[in-house]
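Participant: One-letter residues, chain by chain:
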Amino acid sequence: MRIPFPFTAIVGQAEMKQALLLAAVEPRLGGVMVFGDRGTGKSTAVRALAGLLPPMKVVPGCRYGCAPDDRAPCIEGCRDKAGKQTAEAPVPFVDLPLGATEDRVVGALDLERALATGEKRFEPGLLAKANRGFLYIDEINLLEDHLVDLLLDVAVSGTNVVEREGLSIRHPARFILVGSGNPEEGELRPQLLDRFGLSVDVRTPTDMGDRIEIVKRCDRFDRDPAGFVAEFADAEQATLDRIAKARKALPKVQVADEMLGLGAQLCSAVGADGLRGELTLLRAARAQAALSGKKDVKPHHIAEVATMALRHRLRRNVLDDTGSTSRIARAIAELIPA
Amino acid sequence: MSDAAAAEPDDSDARWALALTAIDVLEQAGNRIGGILVRARPGPVRDAWADALALVMPVRRVPASADAEALDGGLDLTATLAGGKPVQRAGILKDAAGQVLLVPMADLINPALAARLAGAIDEGGPPLVLFDEGDPADAERPRLPQALVDRLGVHINLNDVRLPMSALIAGEAPPPPLAMLAEPGALAEDAETALSVAAVQLGIASVRAPVLALRVARAHAAADERDALCAADMAAAAALVLGPRATRVPPPPEEAPPEQQEQPEPEPPEEPPPPPPPSDDTPGEDEQDQPEPPPIDPTELVLDAAQTALPPGLLDALAAGTISKAPKGQGSSGARQKSITSGRPAGVRPGMPARGARLALIETIKAAAPWQKIRPKREDGRLAIRTDDLRIRRFIARTESTTIFAVDASGSAAFARLAEAKGAVELLLAEAYVKRAEVALIAFRGSEAALVLPPTRSLPRAKKELAAMAGGGGTPIAAGLDMAMRVAMAERGRGRTPLVVVLTDGRANVGGGEGVTPQEAALQAARAFGATGLASVFIDCSPRPRPLGGELAQAMGARLVTLPRVDAQAVVNAVKAVMT
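Top to bottom, those sequences are chains A and B. Here our numbering is used: the first residue of the first sequence is 1, the next is one more, and so on. Here our numbering is used: the first residue of the second sequence is 1, the next is one more, and so on.
Excised from the complex, chain A in its bound form (with noise of 0.2 angstroms):
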């Protein structure tokens, strides 16, 4: 395995990088979804992201990354086995390719088990492999539609439930669901674009400078990676800090009865359909607030983090081509003076 490219070293790209800190210090948010051209480091954010979290306390052997402290039932068993043992295992971060087929993604029939030994055994997927982690599908929008429909339920439930080949299973799948994909390259369908919690926009930097810099981060970790992440371990360090301490804050953090009016009030200026956009615009508010330290969500955090959490579910009238982004800006400058 490759040493990550660090977080922090990441040029520019301020609003992907804060969507994905708000999605791992709140998993319940539903992901993010990053729109953009290829070679913008979208997939390089989410790996130094996931590199970047601290281990995880694990039950050991258990093959779906169970925490020890979790009281849900696991289908091996594994908190009898292992008793009171712990290990710690890396944040997982799996990939999914596009052309990953059902089998490999849901989990299956053990077929060496059961031509061997006759056991029938579940063979996890990489659903079972993301839990507790995060899930990345670079081009979600070429992803075949049953894979997608299978995908939606289960990020949505937490939970895999698999029905195939004489095994009943269901399984934790806990997971931060990061999809990238370019639309002029396919749309996304709207069910599934709006179970995405956050979206951004990444476009290629445009800034000489910031390209520049760019290049030469990229030549200074290819020639020197362990150095380059010792140049950064201060500012990782800190961002981590920061990870944690707004975890552990998150619960705290207090959102009041104004605060809750005026999401309702952004949503239904800006024509946002369901409850869904309404809920996690007030999450992100609530882990921008714990990120940035404070006990109580402010009208500006909820600004901060109004485009990403609402721009993707906008009722969106095809021969209109006024950007959602200008749409909810608008909004925010009536409803929320600076």
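Read the hints as simulated data drawn from the structure, not as lab findings. Glycine is no exception: its CB is placed at the ideal position from the N, C-alpha and C atoms. Every clue listed holds true.
Rough simulated footprint, nothing fancy, chain B against chain A, three-plus residues with beta-carbon under 8 angstroms:
1) 32 to 42
2) 203 to 210
Listed next, the in silico SDA-like pairs over lysine to any residue satisfying Cα-Cα at most 25 angstroms (straight line):
3) A:Lys120 <-> B:Glu363
4) A:Lys216 <-> B:Thr193
5) A:Lys120 <-> B:Asp389
Computed Cβ-Cβ distance ranges for the label pairs, DEER-style:
6) A:Arg276 <-> B:Gly533: 44 to 50 angstroms
7) B:Ser65 <-> A:Arg276: 39 to 45 angstroms
8) A:Ala230 <-> B:Arg486: 57 to 63 angstroms
9) B:Met352 <-> A:Arg203: 45 to 51 angstroms
10) B:Ala531 <-> A:Glu163: 45 to 51 angstroms
11) B:Asp95 <-> A:Arg121: 25 to 31 angstroms
12) A:Lys245 <-> B:Ile365: 53 to 59 angstroms
13) B:Gly533 <-> A:Pro225: 54 to 60 angstroms
14) B:Ser65 <-> A:Gly61: 36 to 42 angstroms
15) B:Val56 <-> A:Asp153: 48 to 54 angstroms
16) B:Lys373 <-> A:Arg121: 26 to 32 angstroms
17) B:Glu123 <-> A:Arg121: 23 to 29 angstroms
18) A:Arg203 <-> B:Ala577: 41 to 47 angstroms
Place chain B on chain A using the hints.
Facilitator: Chain B in isolation, oriented as in the chain A frame:
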């Protein structure tokens, strides 16, 4: 050295030298540059290049049709059944450490494999060499998935390379002419800046390109056993990485004429500008009589070098204004009706579990059970399963449709008709979310038909290209029908279900030839179309229905709809009536 090729002023030697440089670079950099994309039809030149590659690095061939299991390993079912204990098959990716994976016919690569290979590059797997054998002139050829192409650092083109026959007969590759690219020289500016600036000027949006270019430059220096980068390294990186990715020709620098290649700044006035534009310096000639060159402006050097390797057809495309089209979504797997790899489950059938098909274990055992009495008993008392018993699972993938509009964009009525056709395309696309349908648009006018919008399901892209479409001129119905048929057949080949919608008043006035009137030519084209059995709708939009349209529709086997006043919603309704 170039006995036959010398007759023509081409840059064959330079390209060949560049291709060999690519091998040196790959040897040095390995996976860090991802690999090499070789645009080359099969032939002796490509074989010579592959031989040269095999001399420096062990090469392992991977068929473009390989499945995920072959790459990542898995259970060898046949051996497992025979031996009664699990036999694992090693995956190519693990197995090939230290080797180069070579994929011939990569243009036909299955998308699953491409995705896996792209992932393998990111994970630090073996470097790849892909042979793209598509005919560059064929606009409808299958394309390699962009995610993979983008990750392969070096792109070279062997299609125009000619090698001396003597070397080919002897079976050995001619060595590169020495000092083809540029002489060493100090750089006036840092390499990162030069490559980044040059990439932008060449219209390359992705930042991955300059990053890869810098790696290539460093590998080139390392191959030469130098630590510091010099002009030659930059030139190589530009020609191998940036040039082939260019989407536009950079503006010429203020003073130096653009034809100038590789010459460091000093004395342009003395020499007449060399007439063969993209040729490199001939070896040895210029180097001697040049004084100590001053520091070279690397950006200019990079731009110059990159221009020797512009993608074939770029200039023509720029002239025709047809660039900027993003490459087609991806060589989409095209849903077959019955698939063995993906889709919703649809029972089982006998067959070998390979190529992604998965064994249906229970069905296999059921198939084997009745024969147990008459088959020789196994010592371990287990079921005796033979190859014939094996059952694999089958899936049904929903067939996806492509609606191809062939719109008469001629003459006076065109304006309204075209606008409504555009509207219909947009409306259908807006619904395509749900049905996963794609839409294409052909416009015929003047003397020919043009594919204005290649099959797509992207609304932003469709809008962009529809907005640029114009109308006016004659009515070449025959050309329009021919093109519709070609596009539809290509879609059928991708496993999609095409539906052709023709929008015209049915009166052809362009086409045909000696003794064949345009109308007869149109009728012939319609019959040819009819013979393919493609589904179609003929929308007759002449103000008063005339028999002409009906004749054409009948010959095409199309459903005839008369819409004297075309409007987008009515067109969509007519199309939907046929689709369901």
